[in-house]
Amino acid sequence: MADNEEFERKRVPDRALLGTKSFVGMYAGEHCAGTEFMLGPLFVAWGANAFDLIVGLFLGNLLAVLTWRFLTAEIAVHQRLTLYYKLEKICGRQLVTLYNFFNGVLFCFLAGAMVTVSATAVGVPFGNAVQMPTFQDKYPTGAAFIIICIVLGILMTVVAVRGYAFLARMGHIAAPWMFLIFLACGLVVLGRMNTVDLFELIKTPAGQEGTKIPFWGVVAFAWFCNSAMHLGMSDLSMLRFAREGKQGWATAGGMFLGHYLAWICAALLLVYWVRERAADTATGVPPGIMAYDAVGWAGLICVVIAGWTTANPTIYRAGLAFQGMFPKLLSRTSATILAGSVSTVAGCFPAFAMKLLDFVGIYGTILAPVGAVIAVDYFLAKRFNLATDYAERFGIPINGAVLLPWGISVGVAMYLYNYVAGVQAFYLPLPTWILCGFLYIVFSKMLNRPTVPA
Amino acid sequence: MNKFAKPLALLALALTIVPPGMILLQGLSSKPTVAAEADTDSVSDTPGPMSDGLMKNLMFAGTLLWFAAAPYWLKEDD
Numbered sequence: 080m081a082d083n084e085e086f087e088r089k090r091v092p093d094r095a096l097l098g099t100k101s102f103v104g105m106y107a108g109e110h111c112a113g114t115e116f117m118l119g120p121l122f123v124a125w126g127a128n129a130f131d132l133i134v135g136l137f138l139g140n141l142l143a144v145l146t147w148r149f150l151t152a153e154i155a156v157h158q159r160l161t162l163y164y165k166l167e168k169i170c171g172r173q174l175v176t177l178y179n180f181f182n183g184v185l186f187c188f189l190a191g192a193m194v195t196v197s198a199t200a201v202g203v204p205f206g207n208a209v210q211m212p213t214f215q216d217k218y219p220t221g222a223a224f225i226i227i228c229i230v231l232g233i234l235m236t237v238v239a240v241r242g243y244a245f246l247a248r249m250g251h252i253a254a255p256w257m258f259l260i261f262l263a264c265g266l267v268v269l270g271r272m273n274t275v276d277l278f279e280l281i282k283t284p285a286g287q288e289g290t291k292i293p294f295w296g297v298v299a300f301a302w303f304c305n306s307a308m309h310l311g312m313s314d315l316s317m318l319r320f321a322r323e324g325k326q327g328w329a330t331a332g333g334m335f336l337g338h339y340l341a342w343i344c345a346a347l348l349l350v351y352w353v354r355e356r357a358a359d360t361a362t363g364v365p366p367g368i369m370a371y372d373a374v375g376w377a378g379l380i381c382v383v384i385a386g387w388t389t390a391n392p393t394i395y396r397a398g399l400a401f402q403g404m405f406p407k408l409l410s411r412t413s414a415t416i417l418a419g420s421v422s423t424v425a426g427c428f429p430a431f432a433m434k435l436l437d438f439v440g441i442y443g444t445i446l447a448p449v450g451a452v453i454a455v456d457y458f459l460a461k462r463f464n465l466a467t468d469y470a471e472r473f474g475i476p477i478n479g480a481v482l483l484p485w486g487i488s489v490g491v492a493m494y495l496y497n498y499v500a501g502v503q504a505f506y507l508p509l510p511t512w513i514l515c516g517f518l519y520i521v522f523s524k525m526l527n528r529p530t531v532p533a
Numbered sequence: 224m225n226k227f228a229k230p231l232a233l234l235a236l237a238l239t240i241v242p243p244g245m246i247l248l249q250g251l252s253s254k255p256t257v258a259a260e261a262d263t264d265s266v267s268d269t270p271g272p273m274s275d276g277l278m279k280n281l282m283f284a285g286t287l288l289w290f291a292a293a294p295y296w297l298k299e300d301d
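Protein sequences, first through last, are from chains A and B.
Each residue of the first sequence is one higher than the last, beginning at 80 in my numbering.
Each residue of the second sequence is one higher than the last, beginning at 224 in my numbering.
Next up, chain A with everything else stripped away, as it sits in the complex (with noise of 0.2 Å):
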């Protein structure tokens, strides 16, 4: 950013906007990442074919796309404010300390995820002295993996804690080869398998009954993977620095090279170890092992440094979010190292990367709903006559006609998720989304005072 200065507590000023190319490379970078290795052969296990992949992913993508250009976009280079002091003006102080728990806690697991995934590559030249988790592992398995994932998240918790801003460069950098690397993972399987068929290649395994994600939800997950960012306003954060709204497209960059072709690519390599090498489909194969029988040295450099350059700024995100949990408690460098240790012991648990699917629907459908609170806060408070910015405007730590409706909307979430049959995780954000956004007009009618004079 301009000057080095972050706006955290102000709007962001004209000097300091970037251009439609700035957006392009970050979201370019930050969605080509080690997950994707993950999602991509997820897709294939849980039976989508070739048309749910080529089509489904492109209308979900595109529809991330649209959210963040006319949702998220637009409400960022009005108001040119970070989603935390955004929400501390209509939800206050203390609420906004709850959601930084939630957010540092999810983000901790998710860098947990990137470094089972990273763990994966670097276990490859040990052989069969480091046992790797398949799709169906939950817990550790064993000593060698735990040891392995240990060192990454030492590492990675360093790097975090003294050299952010070498990683966020080392990720600029490397964006354009890794995604060279999963068009290649792609390429390479295709001639192996004598055919660029997808149709013939990408179906439900015969014998399996349906399948687990059927095209809408293929839809569904391409849209929401994303949905804390977009209709969570978390990327408010970023997009306030664009010029103008139609710069959103740019999202359109991170979404159809790392969350289309990318996980394309990457699914094609499950589909060739299960039709050449007789893999099983339900338990998967590592993708270290997929990547490096591809592309060899370069496939293994590439899963390790796609799960480092996105485990290293998540584990700092979440340490940010800690420390802005407790500002006078913890430092960046404790609470950061304390993010890492969450993240690392996180990552010895193949349960975050392998049900990866599911865990970033609930990531989703946990943080999306506060953007709703944002989003009426811009679009309708005029119309339903509500106060803008309540809790800075009327001086509380915290608005309950926020918190109730958040509550309230990812309580119903998760009572669907965990005891109705058939609701996956990644179909909640929207509805879950929609539902805060109505109840927080309900409950600002009901709890707080209607708009005052200017």
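Bear in mind the hints are in silico, worked out from the structure with no lab data behind them.
Mixed in with the good hints there might be a few duds.
Stated by the list, open to error - When the alpha-carbon atoms are kept at most 27 Å apart in a straight line, the in silico DSS-like pairs for lysine-lysine are as follows:
id	chain 1	residue 1	chain 2	residue 2
1	A	K461	A	K168
2	B	K226	A	K461
3	A	K89	A	K434
4	A	K434	A	K325
5	B	K298	B	K226
6	B	K298	A	K325
7	B	K298	A	K100
8	A	K100	B	K226
Claimed, not checked - So, partial list: chain A residues that the calculated Cβ filter (under 8 Å) puts toward chain B:
id	residue
9	H251
10	I252
11	L259
12	I260
13	V267
14	L269
15	R271
16	G324
17	A377
18	I380
19	L459
20	F463
21	A466
22	Y506
23	L509
24	P510
In this text, all values refer to a predicted model and were calculated from it rather than measured experimentally.
For each residue, glycine too, the CB sits at the ideal point set by N, CA and C.
Assemble chain B onto chain A, guided by the hints.
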């Protein structure tokens, strides 16, 4: 170094993607057709100029070259 960074980085990207592209083309050209299957003398798995090992080595070289050259090409202010 800056003068050579861009061509070297582009060469690195080419080393990363061209060999896999050749593997794909070789795989497609060696696809057994109905005619080829009928002709028992034809070889359906003809190896091309790009072997699996060569491709992997070129990609590894491309990787090293990319991380050597790209930092000079993709400057901080890009």
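Exercise for review: Have a go at the A/L259 hint: is there a Cβ in chain B nearer than 8 Å to its own Cβ?
Suggested key: Result: holds, 5 Å to nearest chain B Cβ.
**Study point:** 27 Å limit on alpha-carbon distance, applied to hinted pair B/K298 and B/K226
**Key:** holds (13 Å)
Point to revise | Hint check: 8 Å Cβ-Cβ cutoff, A/L459 to chain B | key: At 40 Å from the nearest chain B Cβ, A/L459 fails the 8 Å test, so the hint is violated.
Practice item. Identify whether the interface hint at A/L509 stands, where standing means a beta carbon of chain B within less than 8 Å of its own. Key: At 36 Å from the nearest chain B Cβ, A/L509 fails the 8 Å test, so the hint is violated.
Point to revise | Given hint A/I252 near chain B, where the shortest CB pair must fall under 8 Å | key: holds (5 Å)
Point to revise | Pairwise hint evaluation, A/K168 against A/K461, where the allowed Cα distance is 27 Å at most | key: OK: A/K461 and A/K168 at ~17 Å, within 27 Å.
Point to revise | Hint status (Cβ of A/A466 to nearest Cβ of chain B, threshold 8 Å) | key: violated (42 Å)
Practice item. Using Cβ atoms only, decide whether A/F463 comes closer than 8 Å to chain B, and label the hint accordingly. Key: Where the cut-off is 8 Å and the nearest Cβ of chain B is about 45 Å from A/F463, the hint is violated.
Review point. Does A/I380 meet its interface restraint, that is, does its C-beta lie within less than 8 Å of any C-beta in chain B?
Key: Given a least distance of 6 Å, the restraint on A/I380 holds.
Check your understanding: Under the criterion of a CB-CB separation shorter than 8 Å, is A/V267 in contact with chain B as hinted?
Key -> holds (5 Å)
Point to revise | 27 Å Cα cutoff - pair A/K434, A/K325 | key: violated (35 Å)
**Study point:** Holds or violated: B/K298 to A/K100, with C-alpha atoms at most 27 Å apart
**Key:** holds (14 Å)
In summary, the structure is inconsistent with hints 2, 3, 4, 16, 19, 20, 21, 22, 23, 24 from the numbered list given earlier, while agreeing with the others.
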